[in-house]
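Using the sequences plus the hints, can you model the full thing?
There are 2 protein chains.
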Amino acid sequence: MGCRVTFLPHKVSVEVPPGTPILQAALEARVHINASCGGEGLCGKCRVLVESGPVEGGGSASLSAEEVGRGFRLACQAAVAGDCRVRVPVESALDAGVLARRLPPRRTARMQRFDFEELKEKGLFLAPVEKIFLEIPPPTAQDNRPDLSRLIGHLTQRHGEHRLEVDLPVIRKLPAVLREAGFRVTATLVRPVREDGRTRLIQVQPGDTSRRLYAVAVDIGTTTVCGELIDLADGRTLAEHADFNAQISYGEDVITRIVYAEKPGGLERMQEVVVGTLNAVLKKLLRRAGVDPEDIATIALAGNTTMTQLLLRVDPRPLRRAPYVPAASIYPPFKARELGLKLGEHVTALVYPCVSSYVGGDIVAGVMGSGLYRSEALTLFLDVGTNAEIVIGNRDWLVCAACSAGPAFEGGGIRFGMRAARGAIEEFAIDPATLEPMIVTIGRVRPKGICGSGLISAAAALFETGVIDSRGRFDPALRSPRIREAEGCREYVLAWREQTQIDRDITLSEIDLENLIRAKGAIYSGCMTLLTEVGLRIEDIERIILAGGFGSYIDLEKAMTIGLLPEIDPDRVTYLGNGSLLGAKMASLTNRVRRDVVAVVRRMTNFELSETASYMDNYIAALFLPHTDIERFPRLKARLAERRGAARRAP
Amino acid sequence: MGCRVTFLPHKVSVEVPPGTPILQAALEARVHINASCGGEGLCGKCRVLVESGPVEGGGSASLSAEEVGRGFRLACQAAVAGDCRVRVPVESALDAGVLARRLPPRRTARMQRFDFEELKEKGLFLAPVEKIFLEIPPPTAQDNRPDLSRLIGHLTQRHGEHRLEVDLPVIRKLPAVLREAGFRVTATLVRPVREDGRTRLIQVQPGDTSRRLYAVAVDIGTTTVCGELIDLADGRTLAEHADFNAQISYGEDVITRIVYAEKPGGLERMQEVVVGTLNAVLKKLLRRAGVDPEDIATIALAGNTTMTQLLLRVDPRPLRRAPYVPAASIYPPFKARELGLKLGEHVTALVYPCVSSYVGGDIVAGVMGSGLYRSEALTLFLDVGTNAEIVIGNRDWLVCAACSAGPAFEGGGIRFGMRAARGAIEEFAIDPATLEPMIVTIGRVRPKGICGSGLISAAAALFETGVIDSRGRFDPALRSPRIREAEGCREYVLAWREQTQIDRDITLSEIDLENLIRAKGAIYSGCMTLLTEVGLRIEDIERIILAGGFGSYIDLEKAMTIGLLPEIDPDRVTYLGNGSLLGAKMASLTNRVRRDVVAVVRRMTNFELSETASYMDNYIAALFLPHTDIERFPRLKARLAERRGAARRAP
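Residue numbers (my numbering), protein chains in the order written: chain A, 1267 to 1917; chain B, 1267 to 1917.
By construction, these hints were calculated from the structure, which means they are not laboratory data.
Since the model is a prediction, treat every value here as computed from it, not as a measurement.
Warning: the hint list may mix true and false statements.
In this list, chains with the same sequence are indistinguishable; a pair is considered to hold if it fits within one copy or across any two.
[What the hints assert, rightly or not] Straight-line Cα separation of at most 27 Å, BS3-like style, residue types lysine-lysine; simulated pairs:
1) Lys-1439 to Lys-1529
2) Lys-1439 to Lys-1608
3) Lys-1601 to Lys-1439
Next comes the structure, spelled out in structure tokens:
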């Protein structure tokens, strides 16, 4: 049950889970509370008066006992424990009035859930691996067929298995396993992906292990490697673990890694290093789930084109040179051990196919995992990172493209930019009267910098309150110690030195904003160009899927405010989370996905935006907040008009 | 052109190639010449008088210049150089008369020849591997498909290749190979064995290498590993090489090797050791043929069940324990590199399937290589070694069995027994009057011992001349320094100490003869039992195929004389030579054999002779020279009767 928090004097209510800090509740209610230490309780600016209802904590040293007795708390420290009324000291009627006028719009989308039962109901579940317990009559002098013939004969007669292929390692151990177990063994069968394929016997274990059948799914990100250990009986995830891709020590982005791989022995090194990370993740998954590695039957992996080629030790040179050619689209399955993965020698690994140098297996996995390829609805799929990958289509057709957004969303090219880590400013609001900020950091500690979602949040707030204009320039008429000029460029002080962890003021400059606008412009224009190429308009899009870790943190309203995303009903937006991992999971659960993906990849028409004439025009038009053409953002246009009206009415 | 040699006083002629020693010509003409130093020219006993015609050499130190001037020569040293007349000093009319009476019967069979053109004519040639030279348009900004898609697209459009599978190592190198070679490359395609299979792209080489396509075929014998390097374009053997199986240091027979393999690390060691031998053979083959290892496309191997399991590192324990169960019949193809073979990583190895613990891939290879499985004629296939393997059947049905002949044919259990190596007595004749021997050794050097063919030759000669009876006992009435009693057992001196390399008399004892009779009895009774089991008699057999190195040295007449082989017209007997190697060669040349072998193995019904009631009766009946029932050997019976008549007529 949620707790209803009513903010006064705004008279705005919001329902939040118990334990939510009041500051967080205020953010969701769009109520401004000054807060500039990120939530650590140091600045003491976020004091509020709890007029009624239970609240826990928040009686900081910066409040006197008398103040605490009267009901004052620090909003960043005090957690809601039931329905309550909280009065915020407002410094102007304008402030209280404007923010309170409208109910908060939906800022987050529905998270796509994985549903094994649904998979089964839709007929999408074709088990890729099965185990069968066998009680085989032992050989006699009269019937001394070879062990394998006996086993296969039994599988044929008792279990209707035909046309079996057998791996050599199975035969190697077969005599010992059969005899140790008194000819009571469990056979692991891999079902063919293609209809004309054959079932493969990959493992024979002593005794009955038929209830222990697991798979591993892995997303190999440029930055992070994420794995899941899955029970193939019911699709449950028994363990999850993520770790940094150790290739990071050789370069943060794919280009520097390709450059490294071009050195003598470099490719081998890149492969070893990522396999090292994979093995560390596997070890954790196995320990957490308490699963015997011999019971892992299959592993599915997904990564971008560079990660895939480096993992498979495939020459990556042409990936970074025009005309940007990947080595292959579809890779054959291979033995996990061949790559150095510490799994049983029976385990076959499957890697998601790539479409082009910049639309890789991670995106294909997202298309498969999200079900986009089966959907009737015309969908825009977007994975935002240093590169943004865009897929548009439905079950009948698919087009895709990648555009280089630059590293702004990952903190690159932004003076105080950083990755989404502890101490990064992730949410921002501003009091339009005082220009004082309300910031929340990851981990609720003093800020160290600002991450992608913080940047979007800040740019949107500064733009919507008129602090910056559509070109990202600060209003020269505004007077505030927060706005200043440094090195010939205006900037806003997000946090004063005393309240940071870095002993410097954390600022956001016009140059930072320019970089952000370029990044969002690249993505928006990529979407628009791709739409134009297939003769569609944004209105035709019925659904947006946001993939990637960053995608799932995007505040929809703010992303639309700055023109990163086209304006669309938030109900039509879905967060996919790690689509690459989800796709890998689906592939380890069902052969339907393994089979369908071949056709999907063949169907995905890749557009090279750099080769598409309209891209540059679209890009230049998108280098504004939200866009040169405000008509494309009618809801924002209305909000801006309303605010200007309110400002004019204010005393 | 042959040289006609006429022996006097016998008036027997024989045609031999120029350069044949007179002793050899005499053996073929069944003319006895005393010779006991094996052909080294030391004993001087084989002196003959060349009455006319050209002869080279043979004027040894043991002849005076005057003797040489008169035309005396040593028969073992003098080589025929044209038609000639040679007088042999005979010591009795009996001797000269008896041997001269009949024309020599055919003692050797036709050697089966491998004929690539015949293979093609019969539609048996389905190339398992092909190379295609490709000139692929390079990628452009407008067409930047992945390299592999481009390559496969080209193969599909220009060469009608469909449903291709690709090996990961091909993809690994593809970007570099394509670009180094300006997109002019040669693709190696492996054709599917099964009709529902797919063609596999296993290699892409820069430039046009389409005329360089080779295969290797190997027979892995317990003693010897034999290899051939074959040009797949025309089936020609470009190089051959054989070497001892280095596993020999761990035991001479399969049982001791299995025992070794049961020790910790023993199986791995056995595998490494035989792979070491294989690599040495491969190296020699490649060097001799002047072939680049990258141009070897495939390797086919055949060996007995134990050799096969040790090579593949498959647990061999149950092979030597009742009920004698092999791990598998059919093995999947595998990468040659996986086993440690020093071949390109694209090379797939194929191992011949086994039928049972004692009817292995070498026998199946012989059945395939000889064409027995396609033949209408009811055939008895026999591979004689320590174990004798017997196959009976034709294209409609096949039965097989193995029997333990014991090591007599390889020199085991025979006091002066040895393998067929330099210094082994391989041919033997006896003067029925003087009981003096005529021996020929391998390498024409002083004798060191006696090998399998020598044993058969000796036993047949001693029996046919009445020196031993049908139980292998020496006629107690005979008086000769050559026949004596030692340690309660009578023996014949094959060579006196002075004429041997071992400083001892080389003898053949009744115990040796008993062991030989047991060995031949096991084989003969194995054939009879198997025939009985399928309701046939020996008269129904239309053809005999003798396989194995030893098989090809068997003197048919003598083998029939001792009852090792049933009496059959020598024209119906074929020597196959190394059937295992021939089968391996066929498998590397044509997919027809690779496909057919699966059905053949399923069709080969194995009989365990030890489980067959009639085997022991047949065995006991066969423990005589030639057999308890002489009626089964009518030609021998006639010869014996004739000889006895002649003996009675002699003065």
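Consistency of the hints with the structure:
{"no.": "1", "hint": "Lys-1439 to Lys-1529", "result": "between (41 Å within a copy, 15 Å between copies)"}
{"no.": "2", "hint": "Lys-1439 to Lys-1608", "result": "both (19 Å within a copy, 25 Å between copies)"}
{"no.": "3", "hint": "Lys-1601 to Lys-1439", "result": "both (17 Å within a copy, 19 Å between copies)"}
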